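J.: Residue strings, one per chain:
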Amino acid sequence: MPETTQLTAVDPTAWTCPVALRDHPRVVMGHGGGGALSAELVQHVFAPAFGGETLSQLGDSAAVSLGGVRMAFSTDSYVVRPLFFPGGSIGDLAVNGTVNDLAMSGARAAYLSCGFILEEGVEMSVVARVAETLGAAARRAGVEVVTGDTKVVESGHGDGVFINTAGIGLIPSGVDIRPQRVVPGDVVIVSGDIGVHGVAIMSVREGLEFGVEIESDCAALGGLVEAMLAVTQDLHVLRDPTRGGLGAALNEIAVASGAGVVIQEGDVPVPPAVANACAILGLDPLYVANEGKLVAFVPREHADAVLSAMRAHPLGANARVIGEAVAEHPGMVVARTGLGGTRVVDLPIGEQLPRIC
Amino acid sequence: MCLAVPGRVTEIEDRDGTRMATVDFGGVVKEVCLEYLPDLQVGEYAIVHVGFALQKLDEESAKQTLELFANLGLLQEEFGDPWELAAEAGGPQWADDKDVPQEAQQ
Amino acid sequence: MKYLDEFQDPDLARRLLDDIHSVVTRPWALMEVCGGQTHTIIRHGIDQLLPDQVELIHGPGCPVCVTPLEVIDKALEIASRPGVIFCSFGDMLRVPGTGRDLFQVRGEGGDVRVVYSPLDALHIAQQNPDREVVFFGIGFETTAPPNAMTVYQARKLGIKNFSLLVSHVRVPPAIKAIMESPNCRVQGFLAAGHVCSVMGVGEYPELADRYRVPIVVTGFEPLDILEGVRRTVLQLERGEHTVDNAYPRAVRPEGNPAAQAMLADVFEGTDRAWRGIGVIPDSGWRLSSRYRDFDAEHRFSVGDIDTREPAECRSGEVLQGLLKPNECAAFGTTCTPRNPLGATMVSSEGACAAYYLYRRLDITTAPLEASPVA
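Chains as they are written, first to last, in numbering that gives the first Met the number 0: chain W, 0 to 356; chain E, 0 to 105; chain L, 0 to 373.
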């Protein structure tokens, strides 16, 4: 490809589009989509306003020290329509999502807070059901809800029920999980089938409805992470690929670590129902949300043992090695396709939309 | 353009005077308008685009196409793989050039 | 999915590739007309597996990309009106008009909804009789019949609060325009299979004959694309130029007569501007006079909106294979996927957007491969 030599005329560093918000005088849905727009909002508005060393890590949870004790601290807000979906509810998500954010630092969640924002007029039985599923999920995850808050907004100003949870948990000594520790040669492992939660939600979303025998994979991953840490404390990075899917999670890791990532597309476990739903809607399973999966970057020498430990756990039964970290193309994720070609797996801009084209 | 996928008709019904079908796409089921394929029967496959069946999928033809692909290399296997033959003859441009450093190609 | 997965088989792909490698003797420039085919090519890295002599030029067959700026601006205006529910296929929401897109209209309070099918928009109209429901009817010959049926149903059922903003385009006039352009480099076409599922292949022999180019009707899975390339290259190597159907499982020569009859009733031919290319005579459809009441452009009086495209965008030349995306002065500077100036930077399959993404990879890896000093 001789034309590559001319390309230096364009400055590649100018391509990462640093001026984001200029074009968005108002918030658009994509700012909450977990893709490039979300990242820009945090980078350009929140991080500069808040400052602080810890925040700049921008992980799923923050690792902080208090009185000599290292702990993980995280918060997440839950907005989902419908509130109840195949395989779970907003209550399950509110517990598992925050528990998983903590688990991605290697911490076992100990305590959660829970804030409800309720819309005027929402049926009390709905609130009760949400609370029940939330309580049950907390008991399953072995975490205690210790403080909370309730606010009500006027009818039409909310979507029935919004929930915010925050959680804390202890990080075992010797555990240091963060993207900066990724080195070329690390093995990339995903804990099981991807895209399940996103497809389950889409199947009941207004305007898209389709029939599919699939349930959200929503689950608390603390136990799986403990099983992995029992093999070695030297896990380099963990990420739960929620909004934006595996593709966004790998991109975040690539950018934060400065390593390149190569995945073998054919090795990524995509169940047929997810693949087929994506085929109809024109979506890429790599960008579809998960709520009970993690992706791990593990030193090569521990990869086999970690993989075995994951497979021995019910939430990692279908764990697979899907790729590795490389020194080439730093900050970029590249997929080797089933046919032997390559493609760039880019960070999605906002939410993924059904295509006709 | 035109993301269209093949699905199997599992049920046909008349709804408000419109011919509608339930179509199974490998475990994903959607309602599809059948007005443009008035002769399509339950059990048959159709190409579906934005909720409309636009053409019947000819299963026999699909099979023949795959057979054609499968037979493509057979003649060559008898007389030798053209890739290998060419490589022996001095290396063609296209043999795995992605792995060769650029200056080596020039 | 049956009849999809089989056509992605790597072993059969190898056979097709071997065959293409063994027949090609000199450089050929082929155009895959359809954006869906471009998507498959990029998604599976097919262009990297073909012989260097086979160049694929990404054609203008992406309805999202070629919908003219003026029509997008009309959509933005209508969607901003109070009382309107504006329904669209998902991929149109991010296409920029002048200064904003449908997402931003939603951010400003507009009721913009993504639907899977135009019939979903009609149902929304039935459920919201006090609101005006507008569907953004874009697309090629494949999408036109669903939109036509929806308007037909609206009239039949007497649904008065439904209308269509139409910007339909057709493939054969685009092929003609490409072949008529000076310096045209295209030597063979992979025609869009699903367009032919509807329209048949009747319009193509004349084009193949007049411009002496092979036209091979091609499907959308990796094996289909490879077979389309293989048959086109075979013809070129033999000096032939006929219309060949490489997608017979979904394309009959006569197409779908019922759909064609509906199109003839609901639409009529019109000149149409293509984003980045310009006006192509008789290249589109608009609602026929019988359905004028359902024309959103008429109902919302947005006919006066007349936007000109930025002059610095040279996507027309890119679409014709006359200019490589990185040779355009705006490429990567004033024109990026986030802030596209023209059609080819809009969707991820557009030639410029694809170039933008992949050349980034080339640049980051090139110094590693080609640094004799190190």
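If you are wondering where the hints come from, they were derived from the structure by calculation, not from laboratory data.
Note that the structure is predicted; figures quoted are calculated from it, not measured.
Hints may be right or wrong, so weigh each one.
For lysine to any residue, the following SDA-like pairs were computed, each having C-alpha atoms within a straight-line distance of at most 20 Å [as the list claims (entries may be wrong)]: (1) 1/L with 40/E; (2) 159/L with 16/E; (3) 1/L with 73/E; (4) 62/E with 51/L; (5) 155/L with 10/E; (6) 62/E with 247/L; (7) 1/L with 10/E; (8) 62/E with 0/L; (9) 1/L with 14/E; (10) 1/L with 12/E; (11) 1/L with 209/W; (12) 1/L with 60/E; (13) 323/L with 42/E; (14) 1/L with 165/W; (15) 1/L with 16/E; (16) 175/L with 63/E; (17) 1/L with 13/E; (18) 62/E with 159/L; (19) 155/L with 58/E; (20) 1/L with 41/E; (21) 1/L with 269/W; (22) 1/L with 265/W; (23) 1/L with 9/E; (24) 62/E with 3/L; (25) 155/L with 40/E; (26) 62/E with 155/L; (27) 62/E with 243/L.
Some, not all, of what chain L presents toward chain W, calculated at C-beta under 7 Å [what the hints assert, rightly or not]: (28) 9; (29) 90; (30) 108.
A virtual CB, placed ideally from N, CA and C, is assigned to each residue, including glycine.
J.: So, for every hint listed, does it hold in this structure?
T.: Quick rundown of the hints versus the structure:
Distance check on the hinted pair: residue 1/L and residue 40/E sit about 18 Å apart at the alpha-carbon level, within 20 Å; holds. This hinted pair checks out: residue 159/L and residue 16/E have alpha carbons roughly 19 Å apart, not beyond 20 Å. Restraint check for residue 1/L and residue 73/E: not satisfied, since their Cα atoms lie roughly 25 Å apart, outside the 20 Å limit. Taken as a hint, the residue 62/E and residue 51/L pair is broken in the structure, with Cα atoms around 31 Å apart against an allowance of 20 Å.
A C-alpha spacing of about 25 Å is found between residue 155/L and residue 10/E, which places the hinted pair above 20 Å, so the restraint is violated. Proximity of residue 62/E to residue 247/L is assessed by CA-CA distance (about 11 Å); at most 20 Å being required, the pair is judged to hold. A C-alpha spacing of about 18 Å is found between residue 1/L and residue 10/E, which places the hinted pair at or below 20 Å, so the restraint holds. The hinted pair formed by residue 62/E and residue 0/L meets the criterion: a straight-line CA distance of about 15 Å does not exceed 20 Å.
Proposed proximity of residue 1/L and residue 14/E is contradicted: the alpha carbons are some 28 Å apart, above 20 Å. At roughly 24 Å between alpha-carbon atoms, residue 1/L and residue 12/E are farther apart than 20 Å, so this suggested pair is violated. Taking the CA atoms of residue 1/L and residue 209/W, the gap is near 18 Å; set against the 20 Å cutoff, the hint holds. A distance of roughly 14 Å separates the Cα atoms of residue 1/L and residue 60/E; the hinted pair therefore holds under the 20 Å criterion.
Pair hint residue 323/L plus residue 42/E does not hold up; C-alpha atoms about 48 Å apart against a cutoff of 20 Å. Straight-line distance between C-alpha atoms of residue 1/L and residue 165/W comes to about 45 Å, which puts the hinted pair past the 20 Å bound. A C-alpha spacing of about 31 Å is found between residue 1/L and residue 16/E, which places the hinted pair above 20 Å, so the restraint is violated. For the suggested pair residue 175/L and residue 63/E, the alpha carbons sit about 32 Å apart, so the restraint of at most 20 Å is broken.
Using a Cα cut-off of 20 Å, the hinted pair residue 1/L and residue 13/E is violated, with the two alpha carbons roughly 27 Å apart. Simply put, residue 62/E and residue 159/L have alpha-carbon atoms about 47 Å apart, too far for the 20 Å limit, and the pair is violated. A hinted pair counts as satisfied when its Cα atoms are at most 20 Å apart, and residue 155/L with residue 58/E does not qualify at roughly 35 Å. Using a Cα cut-off of 20 Å, the hinted pair residue 1/L and residue 41/E holds, with the two alpha carbons roughly 16 Å apart.
Restraint check for residue 1/L and residue 269/W: the C-alpha separation of about 16 Å stays at or below 20 Å, so the hint holds. Our distance criterion of 20 Å between C-alpha atoms is met by residue 1/L and residue 265/W, whose separation comes to about 18 Å. For the hint pairing residue 1/L with residue 9/E, the CA-to-CA distance comes to about 14 Å; that is within 20 Å, so the pair holds. Distance check on the hinted pair: residue 62/E and residue 3/L sit about 12 Å apart at the alpha-carbon level, within 20 Å; holds.
Between residue 155/L and residue 40/E the CA atoms are separated by roughly 26 Å; this puts the pair beyond 20 Å, and the hint is violated. Using a Cα cut-off of 20 Å, the hinted pair residue 62/E and residue 155/L is violated, with the two alpha carbons roughly 41 Å apart. Distance hint between residue 62/E and residue 243/L is fulfilled; the C-alpha atoms sit about 18 Å from each other, no more than 20 Å. Satisfaction of the interface hint for residue 9/L is found here, the shortest Cβ-Cβ separation to chain W being roughly 5 Å, below the 7 Å cut-off.
Because the closest C-beta pair between residue 90/L and chain W is about 5 Å apart, less than 7 Å, the hint holds. Interface restraint check for residue 108/L: the shortest CB-CB distance to chain W comes to about 9 Å, outside 7 Å, so the restraint is violated.
Consistency note: the structure conflicts with the earlier hints numbered 3, 4, 5, 9, 10, 13, 14, 15, 16, 17, 18, 19, 25, 26 and 30.
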